[in-house]
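Full structure from sequences and hints, please.
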Amino acid sequence: MPKIIFITSDGTERVVDAATGQSAMEVALDNLVEGIDGDCGGLAACGTCHVYVDPDWIGKTGPAAPGIEQEMLALTDNVQETSRLSCQIKISEELDGLVLRMPEAQH
Amino acid sequence: MKTQAEHAEIARTIPLDKIDVSNPELFAIEALHPYFARLRKEAPVHYCAESAYGPYWSITKFNDIVAVDMNHKVFSSDHTNGSFVLDDTTLNAVEGGISLPNFLGMDPPTHDVHRLAVAPIVAPQNLLRFEAKIRERTKNVLDSLPIGETFNWVDRVSIELTTMMLATLLDFPFEDRSKLTRWSDVVTTRPGYGLVDTWEQREQELMECLAYFQELYAERKKLPPQPDLVSMLAHAPSMQNLTPTDFLGMLVLLIVGGNDTTRSSMSGGAYAASLFPEGFAKAKANRALISSIVPEIVRWQTPISHMRRTAIEDIEFQGQKIRKGDKVAMWYLSGNRDEEVIDRPMEFIVDRPRPRHHLSFGFGIHRCLGNRVAELQLKVLVEEILARYSQVEVVGEPVRVPSNLIHGFIDLPVRLHA
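Order-wise, the sequence lines are chains A and B.
Residue numbers for the first sequence follow the working numbering, so the first one is 42 and each next one is one higher.
Residue numbers for the second sequence follow the working numbering, so the first one is 2 and each next one is one higher.
Hints listed in this document are in silico derivations from the structure and should not be mistaken for laboratory results.
Misleading hints may appear alongside valid ones.
Straight-line alpha carbon distances no greater than 35 Å define the calculated DSBU-like cross-link-like pairs of lysine-lysine that follow [unchecked claim]:
1. A:Lys131 x B:Lys134
2. B:Lys180 x B:Lys283
3. B:Lys322 x B:Lys74
4. B:Lys74 x A:Lys101
5. B:Lys325 x B:Lys285
6. B:Lys283 x B:Lys140
7. A:Lys131 x B:Lys74
8. A:Lys131 x B:Lys180
9. B:Lys223 x B:Lys42
10. B:Lys223 x B:Lys283
11. B:Lys380 x B:Lys19
12. B:Lys134 x B:Lys380
Listed below in structure tokens is the structure:
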């Protein structure tokens, strides 16, 4: 079972178990990780599950996909190079140990 | 005027193709829900051939609305293709209306440029700055209310609080803030609905709005950048070539978006507290529920009944052939009552699982920009109400806004219990 590490903007770490096939946003919601809202339910339609993928992991998760994910991130505050919408990151065994940092707030 | 009960019967028996959910009369007495329920069941993508606004499609199911909202390449919001509201006269120069272009009525890439110019106003650091001010005002307003006497919640609480907030966001002269409420109402109301009598009067009042803000703009331009919306527009490099028309268009979007919507949620929240007293008691006993009560208010009220798009190519959608140029109304008010997505949707449930999963802010690139400011104001209001009253009682029939866009109240007679 892959583990995902969520880190809040003030540095608090939560290590949670994920099931493969889930999205990182669903993992956060299932484990009541504060700082991920996921209002739209996983369609990249609201931009409230914004995370910064740790640079060491961006090669494995890949960058934000063209289309709605990039379009929504273009309108999101404080976007960085490794910004993703976590609902678009599908958890696999390969992502065991994935580190995701969260912005100060979701919009 | 027919009653709700009469409309429920008509909704059950009227031929499908005769259903016109855009009729403001239905909204004035909240008679919409039986019509929407029938459309969701029998014609979720429904064509109305004749209405006061011309022919239009209605999208009434939650997931279909999300799909249309996200497909901005086919379902355009751009004012050059149509409008984002059913009534073209609200924002376009047709019949007697005037052109009020703004980023909600733009497609990318222009949309992004305009939206990003004002987006910093709702950045987290600004929200933090606002909270103490919001709390102080909310306390003052509530402390001024009578206990055990009937008063209009809309005037005394909803309009008062949201107008003060809007004045702060714009850094608008506080003593003149009732002008903002007036302009907001004038934008969304056709002549003849009790607010303005003629198109000329509407235009004249909106031109006064423009002139007032042009003065503020000129002052702010001379000063260093400040965190208010007028200053942001004056200093944003991307906004230096705004025409007066563009400026007024942007202003009305900010004024209506920052005013009418949260106003309606504040009234709807009080109404819900009265209709669902057991939920109110639960929340009083467990304040942790406030984080789910706030989005539940926004869902249950649904302050914007619809947003409209215009198809810019032919598309087959859920088995229906929508043609280039057709008007498409996404009825958020219906989608938020879709029983396939929302459990017991007519009820106000304070501990609903996943309460944030609602349509009231829209989805996709046009998602509400001010949603966090709205939620912050509602959170503070709910906290302060729960700290003060044992019951919020609506003691008479509410008077509603006769609009298919603004889903709100004109009069909500409330009595507070200590």
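Comparing the hints with the structure gives:
no., hint, in the structure
1, A:Lys131 x B:Lys134, "42 Å, violated"
2, B:Lys180 x B:Lys283, "39 Å, violated"
3, B:Lys322 x B:Lys74, "17 Å, holds"
4, B:Lys74 x A:Lys101, "30 Å, holds"
5, B:Lys325 x B:Lys285, "52 Å, violated"
6, B:Lys283 x B:Lys140, "22 Å, holds"
7, A:Lys131 x B:Lys74, "26 Å, holds"
8, A:Lys131 x B:Lys180, "50 Å, violated"
9, B:Lys223 x B:Lys42, "58 Å, violated"
10, B:Lys223 x B:Lys283, "52 Å, violated"
11, B:Lys380 x B:Lys19, "42 Å, violated"
12, B:Lys134 x B:Lys380, "13 Å, holds"
The earlier numbered hints that this structure contradicts are 1, 2, 5, 8, 9, 10 and 11.
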